[in-house]
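4 protein chains.
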Amino acid sequence: MRSIIPDYLTEALGDVESDISGELAGYIPELAAADPERLGAVFAMVDGAVYGAGDIDTEFTIQSISKPFTYALALSDRGFDPVLAKVGVEPSGEAFNQISLESDTGRPLNPMINAGAITVHSLAGSEQLNPTERVERVVQGLSAFAGRALTVDEAVCASELEHAHRNLAIAHMLRSHDILTEDPRVAVDGYIRQCAVLVTARDLAMMAATLANRGVNPRTGEQVVREPVVRQVLSVMATCGMYDAAGDWATQVGIPAKSGVAGGLIGALPGQIGIATFSPRLDPHGHSVRGVTLFERFSADMGLHVMEVPAAARAAVRSNHVVGKGPYAIRVFQLQGGIRFAGAERAVRETMDAAPAQARVALDLTMVSSIDDVSRRMLLEVVRRLTLDGHEVYLIDPDSIIPDPDPGDGGRVTVIGDLEEALSPGRTVT
Amino acid sequence: MRSIIPDYLTEALGDVESDISGELAGYIPELAAADPERLGAVFAMVDGAVYGAGDIDTEFTIQSISKPFTYALALSDRGFDPVLAKVGVEPSGEAFNQISLESDTGRPLNPMINAGAITVHSLAGSEQLNPTERVERVVQGLSAFAGRALTVDEAVCASELEHAHRNLAIAHMLRSHDILTEDPRVAVDGYIRQCAVLVTARDLAMMAATLANRGVNPRTGEQVVREPVVRQVLSVMATCGMYDAAGDWATQVGIPAKSGVAGGLIGALPGQIGIATFSPRLDPHGHSVRGVTLFERFSADMGLHVMEVPAAARAAVRSNHVVGKGPYAIRVFQLQGGIRFAGAERAVRETMDAAPAQARVALDLTMVSSIDDVSRRMLLEVVRRLTLDGHEVYLIDPDSIIPDPDPGDGGRVTVIGDLEEALSPGRTVT
Amino acid sequence: MRSIIPDYLTEALGDVESDISGELAGYIPELAAADPERLGAVFAMVDGAVYGAGDIDTEFTIQSISKPFTYALALSDRGFDPVLAKVGVEPSGEAFNQISLESDTGRPLNPMINAGAITVHSLAGSEQLNPTERVERVVQGLSAFAGRALTVDEAVCASELEHAHRNLAIAHMLRSHDILTEDPRVAVDGYIRQCAVLVTARDLAMMAATLANRGVNPRTGEQVVREPVVRQVLSVMATCGMYDAAGDWATQVGIPAKSGVAGGLIGALPGQIGIATFSPRLDPHGHSVRGVTLFERFSADMGLHVMEVPAAARAAVRSNHVVGKGPYAIRVFQLQGGIRFAGAERAVRETMDAAPAQARVALDLTMVSSIDDVSRRMLLEVVRRLTLDGHEVYLIDPDSIIPDPDPGDGGRVTVIGDLEEALSPGRTVT
Amino acid sequence: MRSIIPDYLTEALGDVESDISGELAGYIPELAAADPERLGAVFAMVDGAVYGAGDIDTEFTIQSISKPFTYALALSDRGFDPVLAKVGVEPSGEAFNQISLESDTGRPLNPMINAGAITVHSLAGSEQLNPTERVERVVQGLSAFAGRALTVDEAVCASELEHAHRNLAIAHMLRSHDILTEDPRVAVDGYIRQCAVLVTARDLAMMAATLANRGVNPRTGEQVVREPVVRQVLSVMATCGMYDAAGDWATQVGIPAKSGVAGGLIGALPGQIGIATFSPRLDPHGHSVRGVTLFERFSADMGLHVMEVPAAARAAVRSNHVVGKGPYAIRVFQLQGGIRFAGAERAVRETMDAAPAQARVALDLTMVSSIDDVSRRMLLEVVRRLTLDGHEVYLIDPDSIIPDPDPGDGGRVTVIGDLEEALSPGRTVT
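If you read the protein sequences in the order shown, they are chains A, B, C and D.
The numbering of the first sequence is UniProt numbering, which starts it at 1 and goes up by one.
The numbering of the second sequence is UniProt numbering, which starts it at 1 and goes up by one.
The numbering of the third sequence is UniProt numbering, which starts it at 1 and goes up by one.
The numbering of the fourth sequence is UniProt numbering, which starts it at 1 and goes up by one.
Keep in mind that the hints were calculated from the coordinates and are not lab data.
Any given hint might turn out to be false.
From the derived model, a few chain D residues whose C-beta atoms are all more than 12 angstroms from chain A [as the list claims (entries may be wrong)]:
| id | residue |
| --- | --- |
| 1 | 106 |
| 2 | 143 |
| 3 | 219 |
| 4 | 286 |
| 5 | 318 |
| 6 | 326 |
| 7 | 400 |
| 8 | 404 |
Okay, the calculated bits of chain B under chain A, using three or more residues with CB under 8 angstroms as the criterion [unchecked claim]:
| id | region |
| --- | --- |
| 9 | 128-139 |
| 10 | 327-340 |
Since the model is a prediction, treat every value here as computed from it, not as a measurement.
Built from N, CA and C at the ideal position, the CB exists for glycine as well.
One chain only, chain A, in its complex shape (with noise of 0.2 angstroms):
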């Protein structure tokens, strides 16, 4: 009885299947040879759940949708500077096998265009890994990222190596700056192992929903890479994921999201959900025309675009009110819901704004569904001030979402998991 969302993505399976425009990868014969009709698509959600319609076990190879999850693994084993001084982040506005290097540095202008991805594959592992290892290393993080081991296409591996003479004049230019320092036929084998590693949908989907789940895989619950690099990698994705039709696609979509030459097409809502899709008719960018097609409908049918503003949401304070009376009086103010900055605020602003007349207060935070660090921050300086006004200070936080609460200096806060507690003698907690 599951099936509202199989349903629909059924129907948008349904909706798409007799646009046969496009035209299938043709350099190899191996991506020449695939099956055009296959036609896939997978919702993973972020605490594991999936679905999906049509030919979503099909194996593929990943192609350029590796070169996020490269870039990750190059950010998470070498660090942010080392990657950066490689590879920039700004969009070239060109196609993806356009070879813009920065005129004077010879550097990548972004890790989604070849000569940047090749680059990143060199920096993926620590500096002491060997080619062989280095692949290993890239294909145990890319299968980290799906949650299952994936394994190379051989056949695909060879007839790519035949017609790597784009992919090799990139790695020499890229050698002759230095930014490469390796023999740049190695390099480039290597970028082409990662780029015919086998996945599926469901991988792909997967994968996206690693990286919309703060790098943490909802299913095996590995911690593939830190928020930080999650961050850095998503915002690549949104300005240089999809080349030059980047602003057609952060207008109409709004999701972060790459595309491979097989098909194959991933996007990643921070915090929601993984998307894949895969049809190997491509368009003239070299993404799958039914993927796009329906990633716009996913879009504007679930909202799942970075700039939608969620509709107004309730106030995060959801009472401020006294219980109690005479000494014994509590004020108390009840937060409600996911609080980031602005909801943090919001509570600061009604707790402080009228000095509380009650010499205790506490703040609720039983129907706080979520809470930031910025904000975890703000209720706790709250608390320190309150203090320092003299107020004696509660947290009512059965489930620990702030736990071990610290103050900070000449702060003082008790911690109770019901304000009948406040009511009776509690524990203390400076």
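With chain A's structure known, arrange chains B, C and D on it following the hints.
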């Protein structure tokens, strides 16, 4: 006592004050004569609260910051298609004063470069307006965003007109491609008046907050433009607003933004906040030096980055339990927090996965802080399917977060304010 | 009976007549209404002889063919430095209507593209001229090249002014870089009048012949511009005259050339000939289709290519013999042909290699058909050195091809009309 | 005593000696270790005379100066069409190491940039040659131009191979477009050997003189390539040889030229001279600093500029008179100097304008120093027409400047060595 945020802003200004790098815009005497030490920053919350520090009420000319707002007005006044036919949405990867027209059509690449902005100015208001009326429409529209009546700096305007050769060049080029269909000088005159509108940092923050608040000015409550327009404008700001520094900004700051040569800089984070800074010295990209530093800090300190994945939230389904016994038993699904697609999906999954054994089912929305359109429709579909499966369905919604619920063909739902009502006779809504 | 060349031209026109490919320039009605079948070709020799076939007296507007001539006028009126400071000499490799300014200075790349030509127009005549006088200077100057008073086609002029947005764009851009220092509209108006001057193919051939004839109109004998100006203009025509087809033209035709959108096409081969063709249909580069074919043929048939190496010439030293005996013996070096550096070098070598045994030496210039400046100086140096070595030197120069010879410090020479004079007492010139 | 030109060269070198600006090419140790003070200049006349001063016998690597000569070999070995199909002739307006391929076909813009030169190398010799044989063909061809057996600097060659990443990048890019059809590394290896050929300034001047002398080495007399090839090569040198300084060079020097990073610089003025200079410090364009200065001086001092209009020549028709009386009267047209199209036209005009009254007509070529093909044909046509008009025609041509004259259908001519012969019985040639 509400000084946490003001204190923060004051500290932030203090930290950048010593940075006197950069140059005043010098192409007209009025800008070259600005006081380079001016420095201010304002936070405007989507509920109308405003925090500021420094020179927040000093007037200066809005310059290029008028571009996204006039783009919003044109989209609103003419509709999307006529505007998109004349001005693209692709980043140019070039400086603000590059002509950057599509080589075949002469269409400016995006509305943030001057060629696009001059064209957009010509599309503000209805087609019937004469040039004077069109400027009035623009000034009135900018005023609506700001929430107060803005005026034009006639001295700057006159001076800009004397130094308008580059813009006249652009306008004549646009005219030669029939992108502009009027006298180029008239279009440039109007555009220059638009850029010479006087604003304060406070105004700019409120204008940004209006974008962050789905087009509704938080103070006046006026719906200046509709939501799809806001989404389009924010998307274009995100990809094109910072010109050739777009990628650096997208990764390091991650707030859709726009700068002006008089020293203003704004950012709008959907659903949360409008930010403005003012400091006249500019970096080589034409952005306020201290403004950029302040935004980098705000983003880092406050978690204000569109790709910031919110901290792991509590489950959208807070609890799933049975109240009452025997035939009166009700299966209650208690939802919580802000419900968007991912949350609605979870709710659908839990309610429908295991078909409830109980004849009566209640969806408790009491603790839901917000819900978007797709989620509302998904929950109503759950209601419909439960009805079709023979259940009697209740919606516990004391604050009408889903007003007038209509589960559609075959569905029925009883809205109640409290679970108690379900245990006694209640009213029924189809 | 002098019909060899007219017959040739008639035959050549007949061969291209059936080619109706290409399109009329259509940006103004006057050009679009031209008779596409018009066809004419003219050869103007540097001594004033003119051969023509077809429509050689039909008037049409000169358009871009005015560019090299106005460049000549500006160089002549202002001097090289002020003109080179404003307009470069580098080929742009782009079409005629590209802006092509140097990115740092805004200086147009060369005087053959519109940006350069508008700037050059502004540099014609003295700085004191008002715009009307400047146009008069240009029309008068073009007339001097043509050898008859030319007039402006007012209808074309008016129509061009209505469609001048691209040129106005260029002029405003030039003004913004201070390359133009006057009202851009005034400069464009003047430039448009310059382009609307009416000419015939006969006029154009004579204008080209004036360039080929070192700046002297072969018919009127007027020195319109000086030789260094001619050299500069021909060099720039050779590299920039045919825009993005420059290389094809340089290899296949090899005649410095310039075309106009009204169908004119000129070529000037230094020292030999001015050629003009007229046929209004244009190829995608904007050049007359049949005109290009005719020039290719003329070049191939007539050996008119600047890189054509002349057939192996006779030795510059025709004979080296002794006349007379004993103390009256004279060593005679008989020179012949056109003497340029290579010929003079040969003469120097033969005269000085083996120091003549005879006390008397004669250089016989009777059969020399031309001599350039460096060669004249080299021969006089030979005279001087022979004198210093104790020889008595005679110059046999009946037609004063070296007038008033001055061999310089220590040199002496006796000019005689005939060797006989040396055998009898002659006059001596220091 | 023949020291006029050596003295001049010595003085010119002395004047530039103090200029130590510029930098040695530093991309390989061998070039970086060159003696920067080396300085030499050589003039090689088309008749084999050579003048030099300074370091004229020091060997250095030919580098890019090999490009025009290998282009000549490829055109010669394969024909024009196969070479033009692979490499264009348009100036790129870019530096030598830009890739500059046509965007659609991948065809290098011209043979003077590396992409073109690598492709040209692959087209030298017959298609059947293996890579080693092809390099041998190139070295042998360069040796034929120089007139002595040249060798390869193996140390430079090995070092260049280690630093060949940019050229390998270019070659792989060419391979990806099927412009190159062999292993890119093999093509680059061959090209590097070509560039590492050792030459002296004397060799280079002789190579240039071979171009100036219609493809015939002035010393060995070998016809290395045919005239159309020479014309093509000189044309391409004129427009593309000096890369992004092409326009400056064309106007200020006006000699088709080519430079190499080892410090060589050559120029060839058709029919006159080959020039070479050697000085290793390079300007930012990659041209020898002192070499450029020397060429500017040579051009100015010697009138060596292709657009230099020769000084006004004597009339091609020196005299037009009647010798003898009554039936024996002969109308004699005495021609003189170098006869090209313009001179022949004049001769045609004078001989045919006024139909000679005399039955006998003589064209006296005794004082003609040279005549080109078209002029020869025109004079013979005059002969034919005079014959048809009933005249008896004589050609006074003691040195057979028109060997075996054939006036064609209906024409008859009697060749005599002296006018006296016409006054007595002579031999007749049809």
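Tested hints:
1. 106: violated, 10 angstroms
2. 143: Non-interface label stands for residue 143 of chain D: nearest chain A Cβ at 31 angstroms, farther than 12 angstroms.
3. 219: holds, 40 angstroms
4. 286: holds, 16 angstroms
5. 318: holds, 61 angstroms
6. 326: The claim stands: residue 326 of chain D keeps its Cβ more than 12 angstroms from every Cβ of chain A (closest is about 84 angstroms).
7. 400: At roughly 58 angstroms from the nearest Cβ of chain A, residue 400 of chain D sits farther out than 12 angstroms, so the non-interface label holds.
8. 404: Residue 404 of chain D is indeed farther than 12 angstroms from all Cβ atoms of chain A, at 56 angstroms.
9. 128-139: Answer violated; 0 residues pass the 8 angstroms Cβ test.
10. 327-340: With 4 residues in contact (Cβ-Cβ under 8 angstroms with chain A), the coverage given for the region 327-340 of chain B holds.
Of the numbered hints stated above, those contradicted by the structure are hints 1, 9, listed in ascending order.
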